[in-house]
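Letter by letter, the sequence shown follows residues 12 to 154 of this note's numbering.
Since the hints were derived computationally from the structure, they do not count as laboratory data. You may find that some hints are simply not true.
Subject to a maximum C-alpha distance of 27 Å in a straight line, what follows is the list of computed DSSO-like cross-link-like pairs (lysine-lysine) [unchecked claim]: (1) Lys33 with Lys13; (2) Lys33 with Lys96; (3) Lys13 with Lys107; (4) Lys96 with Lys13; (5) Lys107 with Lys96; (6) Lys132 with Lys96; (7) Lys107 with Lys132; (8) Lys33 with Lys107.
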Amino acid sequence: MKPRIAITVGDPAGIGPEIARKAADDPRVREACEPIIYSAPDGSRFEPGVLSAEAGHAAYDAICAAVRDAMDGRVSAIATAPVNKLGFSRAGLPWKGHTDLLAELTRSPRVAMMFWSEPLKVVLATVHVPLTEVPRLLTRSLL
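Could you build all of it, start to finish, from the sequences and the hints given here?
See the structure below:
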């Protein structure tokens, strides 16, 4: 049996829904797993490219649903499309993005943002900090 993988669409007014749909429809993905799309409820309407609190809440709700299903064992993993950090802010959400939100929802003390593409796999050492602060933040214990 193939693993079920949650794919959250991110900001429903952004590029995320297209990325998620293309990923889920890719034959290589379908060969490896059963992708499950997590998005805004059917009938929801979002103006493409227009920032809104409603889109921020929809992205948040989809992520929360995917995390619940992962924690309950209904899906094996979660892949995420981009969220709009300003959309999160307009919705009154305190998180800067996926990583902070996922850490809180899963009660994980150590988390990292990872980008995966053949042949490159990258885990970020710093996130959402000015470039001028990066040298000070890079320490042996962090790496």
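Hey, Lys96 versus Lys13, does the alpha-carbon distance stay inside 27 Å?
At roughly 33 Å apart (the allowed maximum being 27 Å), Lys13 and Lys96 break the hint.
Starting from Lys33, check that the Cα of Lys96 is at most 27 Å away, please.
Holds, at about 23 Å.
Distance restraint between Lys107 and Lys96, which requires alpha-carbon spacing of 27 Å or less:
holds (6 Å)
Are the Cα positions of Lys132 and Lys96 separated by 27 Å at most?
holds (24 Å)
Quick one, are Lys107 and Lys132 close enough, alpha carbons at most 27 Å?
Status holds; Cα separation ~23 Å.
Given the proposed pairing of Lys13 with Lys107, does the C-alpha separation stay at or below 27 Å?
Violated, at about 33 Å.
Holds or violated: Lys33 with Lys107, Cα cutoff 27 Å?
holds (26 Å)
Next pair to validate is Lys33 with Lys13; report whether the Cα-Cα distance is within 27 Å.
The hint holds at about 19 Å.
Of the numbered hints listed earlier, those contradicted by the structure are 3 and 4.
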